[in-house]
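Number of protein chains: 2
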Amino acid sequence: MDARILIRFLVFTCIIALLLLLTFTNLPYPLPFTTNTNCSVDSPRCNTIKKPPKPKQPINNLHTSDVPHHPLDPLTLSELNKVREILLSNTLFRNTGKYALHSVVLEEPDKSVVLRWKYGDELPARKASVIARVNGVTHVLCVDIGTGEVTPVDVGEHSGYPTMTIEDMTSATWAPLGNLEFNRTIMARGIDVKDLACLPISLGWFGKKEENRRLIKVQCYSMEGTVNFYMRPIEGLTVVLDMDTKEVIEINDNGKNIPIPKAAGTDYRFSVQNAKINLVNPISIEQPKGPSFVVDGHLVKWANWEFHLKPDPRAGVVISRAMVRDPNSREMRNVMYKGFTSELFVPYMDPTDAWYFKTYMDAGEYGFGLQAMPLDPLNDCPRNAYYMDGVFAAGDGIPYVRSNMVCVFESYAGDIGWRHSESPITGMEIREVRPKVTLVVRMAASVANYDYIVDWEFQTDGLIRVKVGLSGILMVKGTPYINMNQVNEVENLHGTLLSENVIGVIHDHYITFYLDMDVDGPDNSFVKVNIKRETTAPEESPRLSYLKAVRNVAKTEKDAQVKLKLYDPSEYHMVNPSKKTRVGNPVGYKLVPGGTAASLLDLNDPPQKRGAFTNNQIWVTPYNKSEEWAGGLFTYQSQGDDTLAVWSER
Amino acid sequence: MDARILIRFLVFTCIIALLLLLTFTNLPYPLPFTTNTNCSVDSPRCNTIKKPPKPKQPINNLHTSDVPHHPLDPLTLSELNKVREILLSNTLFRNTGKYALHSVVLEEPDKSVVLRWKYGDELPARKASVIARVNGVTHVLCVDIGTGEVTPVDVGEHSGYPTMTIEDMTSATWAPLGNLEFNRTIMARGIDVKDLACLPISLGWFGKKEENRRLIKVQCYSMEGTVNFYMRPIEGLTVVLDMDTKEVIEINDNGKNIPIPKAAGTDYRFSVQNAKINLVNPISIEQPKGPSFVVDGHLVKWANWEFHLKPDPRAGVVISRAMVRDPNSREMRNVMYKGFTSELFVPYMDPTDAWYFKTYMDAGEYGFGLQAMPLDPLNDCPRNAYYMDGVFAAGDGIPYVRSNMVCVFESYAGDIGWRHSESPITGMEIREVRPKVTLVVRMAASVANYDYIVDWEFQTDGLIRVKVGLSGILMVKGTPYINMNQVNEVENLHGTLLSENVIGVIHDHYITFYLDMDVDGPDNSFVKVNIKRETTAPEESPRLSYLKAVRNVAKTEKDAQVKLKLYDPSEYHMVNPSKKTRVGNPVGYKLVPGGTAASLLDLNDPPQKRGAFTNNQIWVTPYNKSEEWAGGLFTYQSQGDDTLAVWSER
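Chains A and B are the protein sequences, given in the same order.
Residue 430 in the numbering used here is what sits at position 430 of the first sequence, and the numbering runs on without skipping anything.
Residue 263 in the numbering used here is what sits at position 263 of the second sequence, and the numbering runs on without skipping anything.
Among the hints, a few may not be true.
Since the list can't tell identical chains apart, any single copy or any two copies may satisfy a pair.
As the list claims (entries may be wrong) - As a list, the in silico DMTMM-like pairs of lysine to aspartate or glutamate whose alpha-carbon atoms are at most 25 angstroms apart:
1. K262 with E250
2. K256 with E149
3. K467 with E457
4. K558 with E628
5. K246 with D353
6. K528 with E211
7. K194 with E422
8. K256 with E540
9. K262 with D461
10. K256 with E539
11. K579 with E489
12. K580 with D244
13. K579 with D396
14. K609 with E500
15. K208 with E534
16. K98 with E181
17. K555 with D144
18. K579 with D144
19. K558 with D568
Hint data in this document are derived by calculation from the structure and do not stem from the laboratory.
These numbers come from a predicted model, not from an experiment.
Next up, chain A with everything else stripped away, as it sits in the complex (with noise of 0.2 angstroms):
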């Protein structure tokens, strides 16, 4: 492949793997707020104490007089409604009573259509990507709204299911109560129906059982005493159903002996916490003149910066067409085309019968974003925040708004940008400082127990920063014990003991993303200046040895495939080479992963095939409009043939 080829390329990278192995958790995190606050003051705390109940807005005063302004403008409500009516006349939908749409979004016009169309020009037709099970048998289609022409689109053969919607999830946590086995082993666990708690748990690929069929496992707990009912698993009990038919295919019960942990201690919610802990005083940003964004429709801007922001049902949050302005020019130029969280898997590290299939793929069997829910004002996102709502299709087609989906603030935590002074040696009288302030992005989804905060950070020297945090509850496992002096030395108890009959399980997080880059224009090369030591000759210096910085500029996917090397480093630049700085250095972008882990599975193990993303840290593959799911269109039940792994192979 020549590096011509390259020209319109895709960065996947690793930026975040973290393994949690925890020693000891203090659940609840100690509230650092003080509970008699005067709440004349408009901070955090105050918001978290008397928070008025939101009036539940009736969907027809909100989103419906959107209309689009951007060729990347997400599907407005009266499109989405548009979209259903146009398949529910649809021939394929017509007459049949099982149909289920697993997403609606924008069809993205081509790359080309969007880098020319400017403000002002007419819109590009506004079509909709479409992924419908219809009696059992997935179809991708491309939905003209205008024409209201209805397009199948070939995706090619691939192993998997589309993204459960909403309502298999929610569906499958009740359908286990209909199976009389299920409620016997309920009660014979002691638990009374009216406090069970069940959670869909994507059951992954591992062979010829999970083949053919949308299948799901799911795992119950007790809510009785606590609203934290993942710190109370009905450990061992597993039911195997039938996601399309809800019919119950195989009950496990395995922890007969394993009692559920209490509920003393667990419940987090600050309204019943003993609030004898440490106290810290209102604090918030203080904006006299208010913020210095502007979000106009989904277009933001901020300083230096300019972006089009959209909240996606997969991906959570997409940031398009990023462009910085040149100080000196005063024009914009193309940083980024299009970013995104494209994965996330999660494998836990317990090879055991009720833990084994825990590898999920947040984005792709979850979606990320239909797991994003309403940022709280004034705790998730300080004051003077910009909240964006997203507008997503259920099951059957009906459009909805999930408020308050993204926020939008200036940041500034009293922390400097850049600053100098002149040191006693010259003695001269400077003190130069500028603060540091960014333009946060945030959403946090809420995958079951865990939240996902992840923040796009855009800084005024050009450099944009994600950020991912990760908060929210673990996912624990009962066991008998009570105190390790009970437990055998070589025991493997996949995991820590936190509190009585609680075990939390050694598991990873990795998140890829999606970066398209343009720096300056979408003809773009990686290049990978590998840091060397150098020898000197005799006599040629004092020093015996430094280092050298050799460019390599990738020729092939393979080239561009990086396992980052901690004795061996490089730094890896996305560069126009067709834009050279005033003194002839080509244009470009540094990428710096923000975790350096690596996947330690076997790599035929089948949850490692399905998340092969994570072989390498950094992936740069040409431009493919249809490649931007790092596990696949259909990561859910896929058997690893559609990954990040495979295409640059190819």
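Given chain A, put chain B in place with the hints provided.
Same frame as chain A, now just chain B:
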């Protein structure tokens, strides 16, 4: 070595290692603030625009009434005066014309004494640790301030000299002007002497030439037309000076054909900036009830934290006796006895004559605290910050005040400490969020061109985070080239052409922290938790592999030398084996190195011998009061015979 011997241990960890390889630089950092701010607002920007000149307070009005309250409180002004009096009447100093005090700091009482001491108790005897040079000989002395007794301290035979005094540095920059050849050279390069700015550059040790004589190299710049003389090197000109006699030993000028880069566009001061750049409105942190921390002398109390804070001329900031309140027992629990920046190692990667020796040890050679300039209120630290002065002794022993050297403030960036929402799967109406507020202790050391911002951040969940920000200005190299099209492909520039005639030379910054962890008491062990792939047996599980955590308690110092391995990873725990959690796990802290880079220099290269503490990312050694400085007590011109690597091998 038995694990018991490791009971009191130190952790030296290489928190940050940055490899700077700049493709382009936009100096200065774009200013985020508007210029037409309403300055009734107490915001960062306002302060920069109209800062009334601070009246220089006469030293007598400051700190003259300070008295120590805690065994670790730094020497007060009157104590420093007393130490000087005592020394000047001592036989060693009496009747000598030539002496300099390179360090006068508190001789800390033994750890056991400090741990026993309680408020209300009498202070242990106040003593000063003095490093003096008298007639060319280095002396380490212990001065009892109460009794006036002066005791020589045997620190063994080491190569190297003490940290330079400020007077050493400033006099070195002027000394060459007394040399005729130097003046001729300067004139030959077309520089008016009035435009000359020179820097004292520690020359390391490379063999005989740097032995038995306290030397320094001086390099100069032109200030003509800019305060940013760093951008205008008189390339290739190096003066070797005897630091004791100020005698010019050698003048090398290998840069006659290298033009001095232009001044245009280099001035970074806000007052001369073209303000037509993107602007943001004023922003600050608001605390209507004021901050929640209390500073009582040198003791800081905030939320559940309490610690002792002192400015130090070598380390910058020392945090001692850090304790966190147990939310259940309400008792203070020990976390860290002492933590500070032990050494910085900044090797440049250019083996040529004027650059090979640039392998700085900023703490041991220049004094990280001595170089910490007054912080600029509202710009370096936010509103409501508390500022602590440093009280140090000059070379002649006369005390002086470094005002506003350290600041303490509460930080709130709009971020989330902990959150959990229930997802649509369970449908429970839960949105719990705890905003994140932290306490920050900050200093900024301006070691000539670079500004290091060191933050010790305390979280309410018990975490301590050390952050290092690198700011300021690059140290650049002159070159005849003005465009990369003039450069032969095989030529090694040892860096990047940044602007016309200016190369940014490749270099590293390694910062090593000393952390004396006392988790729940001084008897701690160091545990490596190795993450290993386990393979399942046939039929054991549908999974082929999973990860297992294997705990290894370090038994020898060798065990506790950690080279991070990306594909054979470990976690690092400091545990108290005699204190268990309720369920029987040892209580501990996890050490997470912030940077994973390693030095790639040849182990036998003289700079790497001196900076051998960068051979590993973590070292754990048994407690030894005298082993605090990773590059050795006498770092200047040291031969690497007293480094952390040597102690650890012993």
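Right, here's what the structure says about each hint:
| no. | hint | in the structure |
| --- | --- | --- |
| 1 | K262 with E250 | neither (28 angstroms within a copy, 78 angstroms between copies) |
| 2 | K256 with E149 | neither (56 angstroms within a copy, 75 angstroms between copies) |
| 3 | K467 with E457 | both (8 angstroms within a copy, 18 angstroms between copies) |
| 4 | K558 with E628 | within (19 angstroms within a copy, 47 angstroms between copies) |
| 5 | K246 with D353 | within (22 angstroms within a copy, 78 angstroms between copies) |
| 6 | K528 with E211 | neither (41 angstroms within a copy, 41 angstroms between copies) |
| 7 | K194 with E422 | between (69 angstroms within a copy, 18 angstroms between copies) |
| 8 | K256 with E540 | between (75 angstroms within a copy, 20 angstroms between copies) |
| 9 | K262 with D461 | between (52 angstroms within a copy, 24 angstroms between copies) |
| 10 | K256 with E539 | between (77 angstroms within a copy, 23 angstroms between copies) |
| 11 | K579 with E489 | between (62 angstroms within a copy, 19 angstroms between copies) |
| 12 | K580 with D244 | neither (56 angstroms within a copy, 49 angstroms between copies) |
| 13 | K579 with D396 | neither (49 angstroms within a copy, 57 angstroms between copies) |
| 14 | K609 with E500 | neither (36 angstroms within a copy, 51 angstroms between copies) |
| 15 | K208 with E534 | between (54 angstroms within a copy, 24 angstroms between copies) |
| 16 | K98 with E181 | neither (27 angstroms within a copy, 95 angstroms between copies) |
| 17 | K555 with D144 | neither (39 angstroms within a copy, 70 angstroms between copies) |
| 18 | K579 with D144 | neither (38 angstroms within a copy, 67 angstroms between copies) |
| 19 | K558 with D568 | both (18 angstroms within a copy, 24 angstroms between copies) |
Hint compliance for this structure: hints 1, 2, 6, 12, 13, 14, 16, 17, 18 are broken, all remaining hints hold.
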